[in-house]
Amino acid sequence: MDASIGIPPAVTDETEQFWTNAAQGRLVIEHCLACGAESFPPRGMCRKCRGRSMSAVEVAGRGRVYSFTVNYQRWLPDLEVPYTIVLVEFPDHPGVRVIGRLRDGDPQRAAIGLEVEVGFEPGPGGFAIPSFAAVEGAG
Amino acid sequence: MGSERFEQRAVISGVGQSAIDRVVPRSGFQLTLDAVMAAIADAGLGVDDIDGLAMFPGGGAANLPGYANGNLYEVHDALGITTTWRQGQVEGMSLPFYAASQAVATGQARHVVVWRTVKEGSAARLAGGRPAYGSTHPEAEGPLAWLLPVGALSPVCQVAPYATRYMYEYGVTREQLAWIPVTQRLHASLNPDAVYRDPLTVDDYLGSRMISWPICLYDCDVPADGSTAIVISAVETAHDLRSPVRIEAMAGVIDGRPSWEQWEDMGRVGYATAAAMWARTDLTPQDVDVAQLYDGFTIEAVWWLEAMGFCGTGEAGAFVEGGARIALDGQLPLNTWGGQLSGGRLHAGFGHTAEAVRQLRGEAGERQVVGAEVAAVTNVGGIEAGAALLTRW
Ligand SMILES: [Zn+2]
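These protein sequences, in sequence, are chains D and C. Going left to right, the first sequence walks through residues 1 to 139 as my numbering numbers them. Going left to right, the second sequence walks through residues 1001 to 1393 as my numbering numbers them.
Incorrect hints may have been included.
[Unchecked claim] With a straight-line Cα cutoff of 20 Å, these simulated SDA-like cross-link-like pairs (lysine to any residue) come out:
#1 D:K48 x C:V1288
#2 D:K48 x D:E38
#3 D:K48 x D:L79
#4 D:K48 x C:T1284
#5 D:K48 x D:R62
#6 D:K48 x D:R97
#7 D:K48 x C:T1083
#8 D:K48 x D:C32
#9 D:K48 x D:C35
#10 D:K48 x D:I5
#11 D:K48 x D:G36
#12 D:K48 x C:Q1262
#13 D:K48 x C:G1256
#14 D:K48 x D:P94
#15 D:K48 x C:R1257
#16 D:K48 x C:P1258
#17 D:K48 x D:V96
#18 D:K48 x C:I1254
The hints are simulated quantities; they were obtained by calculation from the structure and are not laboratory data. In this text, all values refer to a predicted model and were calculated from it rather than measured experimentally.
Sequences are here, hints too, so could you generate the full structure?
Below, the structure written as structure tokens:
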């Protein structure tokens, strides 16, 4: 399925690192150098201690689907439907949630608690967008 | 706690609306003037009595085609008045009368008109369907930068995962939720200004097309053209007013992450607001005679039923099932004008407020709830939330 029809993100000082890493297949979040807490989306400030020194760390482990929707509506001309949107949380990164597509989406496959691998696919404007894949044997 | 509650120093004195329909072939500006003039007359005031103006949204917010219309200064110029207080709201407004109540309670103005004009019905017609969120801009900015690029192109897709989660956690079914749009359509059949007035059945609902699972066509409000204006006056002017309505209590709290995809649990969105509102009154949920609860989607009304304490958490499905409790003669008549699901997406709680005022005055025509003395009004836009109790003068 083609996920490139749509509206690209405006890239800001805060989000540039995310999109640059996404293009290389890496999902990065913010890590606070003062207290170690992790934050997403990037704000340049730790949501736990309000520290301003943040580094990027990669989320590489598996995630779990907090919830999902299967979109059937063609909101834009040429948008390919249906596709599944998932909210994914990560057992190794408490408090971090990332929205993306469920790749290779048999809509019936989507389920709360489904185990997924981090990944990306070509999105609007040439950006790589978060796109998760169900772990084989899961769900 | 009575005298120090600022909202009791304000009253809602007038409500007025333009023609409302899927498409009204007049400019948003003319619809705005229609509603403003109607609201001022409804208050029993003259245009020259108005010394405050506010609109939603203020400049710069046009994420949806037809969402934002007009300009406060052009309305000011058309009315030819002098004002001592003005406000344009870009982010959520909590409630249409929230800031204006503060203005008249603190003496910054005596009579404020606030309005909301939508041309989303015309915009949908032009787009050949309901257009994408953000499609007025080439790039997705702010919180939308995470949502639109992955295909969460509408508030429908953005709220839907939380509906999925809510139904999963509490075992609430679409067969139960159907009773909200079905019952509200029955109410709309008694409202000559509602956009859709033909009967709707549970089977119609279950057979309708899916927009973004689990939200189907009839779970979504109706893009419409129309304007609603509300006049808020200082309580000491009551003797000049035709039929004022009291603001018993109101509150607006954000206690979660204000991004669509980051909410810990969107079903909790109204709880802190409702708790803050109930803390400002001796009235209880049992005292409410009629409820106008924001229904951009069916699921939002569900969450408000629970947050406001009209039923327990996870119990709204059982509460609305069969429709009897939320009917005009039920224990909690819900969205008696049809709500946004049938009455039209007048947005931001404006339609809900207008209906609450009409019910409390006994001016709701065939859909009048007998003996309505206390009305609940809520609004939610994303995580922006507001709740109020209005009472008969
Ligand atoms: Zn920190």
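Worksheet item: Going straight from one Cα to the other, do K48 of chain D and E38 of chain D come out at no more than 20 Å?
Response: At roughly 8 Å apart (the allowed maximum being 20 Å), E38 of chain D and K48 of chain D satisfy the hint.
Practice prompt. Measure nothing beyond the straight line between the CA atoms of K48 of chain D and R1257 of chain C; if it is 20 Å or shorter, mark the hint as holding.
Written response: holds, 13 Å
Worksheet entry | Restraint check for K48 of chain D with R97 of chain D, where alpha carbons must lie at most 20 Å apart | With Cα atoms ~16 Å apart, K48 of chain D and R97 of chain D stay inside 20 Å; holds.
Fill in: K48 of chain D paired with P94 of chain D [C-alpha distance capped at 20 Å]
holds, 12 Å
Worksheet item: Does the structure keep K48 of chain D and T1083 of chain C at a Cα separation of 20 Å or less?
Response: violated, 44 Å
Worksheet item: Quick one, are K48 of chain D and G1256 of chain C close enough, alpha carbons at most 20 Å?
Response: Judged against 20 Å, a Cα distance of about 14 Å means the pair holds.
Practice prompt. For the pair we were handed, K48 of chain D and C35 of chain D, check the Cα-Cα distance against 20 Å.
Written response: holds, 8 Å
Discussion item. Next pair to validate is K48 of chain D with V1288 of chain C; report whether the Cα-Cα distance is within 20 Å.
Written reply: Given that 20 Å is the threshold and the Cα spacing comes to 40 Å, the pair is violated.
Practice prompt. With a cut-off of 20 Å on the C-alpha distance, tell me whether K48 of chain D and G36 of chain D pass.
Written response: holds, 9 Å
Practice prompt. Starting from K48 of chain D, check that the Cα of Q1262 of chain C is at most 20 Å away, please.
Written response: holds, 15 Å
Discussion item. Does C32 of chain D sit within 20 Å of K48 of chain D, going by the straight-line distance between their CA atoms?
Written reply: holds, 9 Å
Worksheet item: Are K48 of chain D and I1254 of chain C close enough, with their CA atoms no more than 20 Å apart?
Response: holds, 18 Å
Of the numbered hints given earlier, the model fails hints 1, 3, 4, 5, 7, 10; all others are met.
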